[in-house]
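Undergrad: For reference, the chains in residue letters:
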Amino acid sequence: MRGRWRWLLPVAAIPFLGLLLFGLTRNPDFFPTPLIGQPAPDWRLETLEGDTLSLAELDGRVVVLNFWASWCVPCRAEHDVLMRTARTWPDDDVQVVGVVYDDSRPNAERFLRQLGNDWRHVMDPGSRTAIDYGVHGVPETFFVGRDGRVGAKHIGPVTWDVVQLYVDSLRNVAGAP
Amino acid sequence: MRTTSLILAIGALLLAVPGSAEAQEPMLPGEPTDDSAELTDPRAAELDARAADIAAQLRCPVCSGQSVLESNSAIAQEMQEVIRERLAQGDGEREVLAYFRGAYGDWIILRPRATGLNLLVYVLPAVALLGGGIWLFFALRRWSAGGASDAGRPTADGDTDGRSSGLDARPDDLSAEDEAWLQSSIGRR
Chain Z
1 MRGRWRWLLP
11 VAAIPFLGLL
21 LFGLTRNPDF
31 FPTPLIGQPA
41 PDWRLETLEG
51 DTLSLAELDG
61 RVVVLNFWAS
71 WCVPCRAEHD
81 VLMRTARTWP
91 DDDVQVVGVV
101 YDDSRPNAER
111 FLRQLGNDWR
121 HVMDPGSRTA
131 IDYGVHGVPE
141 TFFVGRDGRV
151 GAKHIGPVTW
161 DVVQLYVDSL
171 RNVAGAP
Chain U
1 MRTTSLILAI
11 GALLLAVPGS
21 AEAQEPMLPG
31 EPTDDSAELT
41 DPRAAELDAR
51 AADIAAQLRC
61 PVCSGQSVLE
71 SNSAIAQEMQ
81 EVIRERLAQG
91 DGEREVLAYF
101 RGAYGDWIIL
111 RPRATGLNLL
121 VYVLPAVALL
131 GGGIWLFFAL
141 RRWSAGGASD
151 AGRPTADGDT
161 DGRSSGLDAR
171 PDDLSAEDEA
181 WLQSSIGRR
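Chains as they are written, first to last, in the numbering used here: chain Z, 1 to 177; chain U, 1 to 189.
Calculated directly from the structure, the hints in this document are not laboratory data.
In this text the structure is predicted, and so the values were computed from the model without any measurement.
You may find that some hints are simply not true.
To be verified - Straight-line alpha carbon distances no greater than 25 Å define the calculated SDA-like cross-link-like pairs of lysine to any residue that follow:
#1 K153/Z to M83/Z
#2 K153/Z to E78/U
#3 K153/Z to G102/U
#4 K153/Z to I109/U
#5 K153/Z to D80/Z
#6 K153/Z to Q89/U
#7 K153/Z to A98/U
Stated by the list, open to error - Here are a few chain Z residues that sit away from chain U, every Cβ distance over 12 Å (derived from the structure):
#8 L45
#9 E46
#10 D102
#11 Q164
#12 S169
To be verified - The following label-pair restraints were derived from C-beta to C-beta distances:
#13 D161/Z to D41/U: 51 to 59 Å
#14 D178/U to W5/Z: 24 to 32 Å
#15 D168/Z to V127/U: 47 to 55 Å
#16 L9/Z to R50/U: 48 to 56 Å
#17 P28/Z to L140/U: 40 to 48 Å
#18 L119/U to R44/Z: 37 to 45 Å
No residue lacks a Cβ here, since even glycine has one placed at the ideal position from N, Cα and C.
Bound conformation, chain Z alone (with noise of 0.2 Å):
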């Protein structure tokens, strides 16, 4: 390359460094969701318990909804915030759900005599509802609104600094009449 154009290498090389920057301070396990904002897809799905709960009869309070697994090592570490979610706020008032994510019936209670169980858990054949939630793996949290609607998504262990934070952010919204 002629003596003149030689800066023009390293100057080319400028933008491309940077993209390559800009992508270390991005975190690789963060999927933004199209969900949020939205209706949260509606469920009826059995309990652990044999009974049927839907997302419909909760329509006014404020909803974690949690899927687990009791594969899934991250799920036990944050399982300790979830108890103290379910401890803090009244169930007609902030509910707590887990969504039993591609897990036998067995196993997922036995994770739970293990380490404690204070609110209700569906099972999710298929991963039907996993799906529609657009999850990736677990553990994965939304937020839902007294309104239905999809407030936050938490991916990963939640703690409890986050669950705070968007819990009190949804209840202190006024509800579906």
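Position chain U against the provided structure of chain Z, taking the given hints into account.
TA: Chain U alone, transformed into the frame defined by chain Z:
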């Protein structure tokens, strides 16, 4: 996430092992099994083909380099089942893709749509190829024909970077042909 996909992959492998409980279900003699019915019914075969076509366009949620069709993960298998169900209910390809886009966002579509910032993915390679081609064209022309004008250029110009200092001390009795060859071989480096 990585652990999750690993476990899913192992799970999928286990499910793929032949002789699973499902395969051992007792069958009534003479009654056609589901499998053979699917193989013989042309409508079911067409549905499978259309489902596979759609599955190939969707990104597997736990193994993002693969399509839903290629992946053996449990979730991808279940997504294929969803596609088949929706097609059987009368949905078209567009509706099925829209359903998955509504749940997972544009991310789920393997081939980025040629709009907005995505357009760069399609335009940049063409621009780079064209730019490189133009540059190469002029560079080749200079290397082959423009040899004479470069011949006496001293290294101080910075052009040859001092690497060809040995060649600058060239003998005076070089033929024009040798000169051209020399120039082209410098250029090739």
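Undergrad: Hints the structure violates: just list their numbers, smallest first.
TA: 6 and 10
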